[in-house]
Amino acid sequence: MVTHGACAARCCVVNESPIYSKTYDLLLWLLPQAIKFPRAYRFTLAERVQRRALDFQETLLAAGLANGALRAEKLREADLQLAQLRHTLRLCQDLKLLTLAQYEHAGGMVNEIGRLLGGWLKKV
Numbered sequence: 000m001v002t003h004g005a006c007a008a009r010c011c012v013v014n015e016s017p018i019y020s021k022t023y024d025l026l027l028w029l030l031p032q033a034i035k036f037p038r039a040y041r042f043t044l045a046e047r048v049q050r051r052a053l054d055f056q057e058t059l060l061a062a063g064l065a066n067g068a069l070r071a072e073k074l075r076e077a078d079l080q081l082a083q084l085r086h087t088l089r090l091c092q093d094l095k096l097l098t099l100a101q102y103e104h105a106g107g108m109v110n111e112i113g114r115l116l117g118g119w120l121k122k123v
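In terms of numbering that gives the first Met the number 0, the sequence shown opens at residue 0 and continues consecutively.
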């Protein structure tokens, strides 16, 4: 049984890891960008981008609080979600919903998060 204090200590460690802060920074940048999508895409691609990014963050947090096989499973799930987000962002750029500079910025952030996630996966 996990006591409240032990859970709070693990949550604090989770929030201090670079992958969590990089993911949070991505969300802070990405969510306002998606809101600016034209109305025709607001309830399709904008919603999908937002949901994928938020789902990735939630899965990452779950992995940080899990142990053993469950942690590995959550990390693989997060890896898939990050790949899906990457492809959705590419589609947004191809449809001119993101400028090339915005796409490069988002891609750089996603790639950095992917490197951190890959390192974590190797440890598990």
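Since the hints were derived computationally from the structure, they do not count as laboratory data. Check each hint, because a few of them may be wrong.
Stated by the list, open to error - Think about it this way: if two alpha-carbon atoms lie no more than 30 Å apart in a straight line, the pair counts; the simulated BS3-like pairs of lysine-lysine are:
#1 K35 x K122
#2 K21 x K35
#3 K122 x K73
#4 K73 x K21
#5 K73 x K121
#6 K21 x K121
#7 K35 x K95
#8 K121 x K35
What the hints assert, rightly or not - Cβ pair distances, simulated, as ranges:
#9 K121 x F42: 34 to 42 Å
#10 A82 x P31: 19 to 27 Å
#11 R38 x S16: 18 to 26 Å
#12 E15 x A71: 18 to 26 Å
#13 Q83 x P17: 18 to 26 Å
#14 A71 x A100: 34 to 42 Å
#15 F42 x G67: 23 to 31 Å
#16 W28 x E57: 35 to 43 Å
#17 L120 x L94: 28 to 36 Å
All residues carry an ideal CB built from backbone N, CA and C; glycine is no exception.
Violations among the numbered hints: The structure breaks hints 1, 8, 11, 15, 16; every other hint is satisfied.
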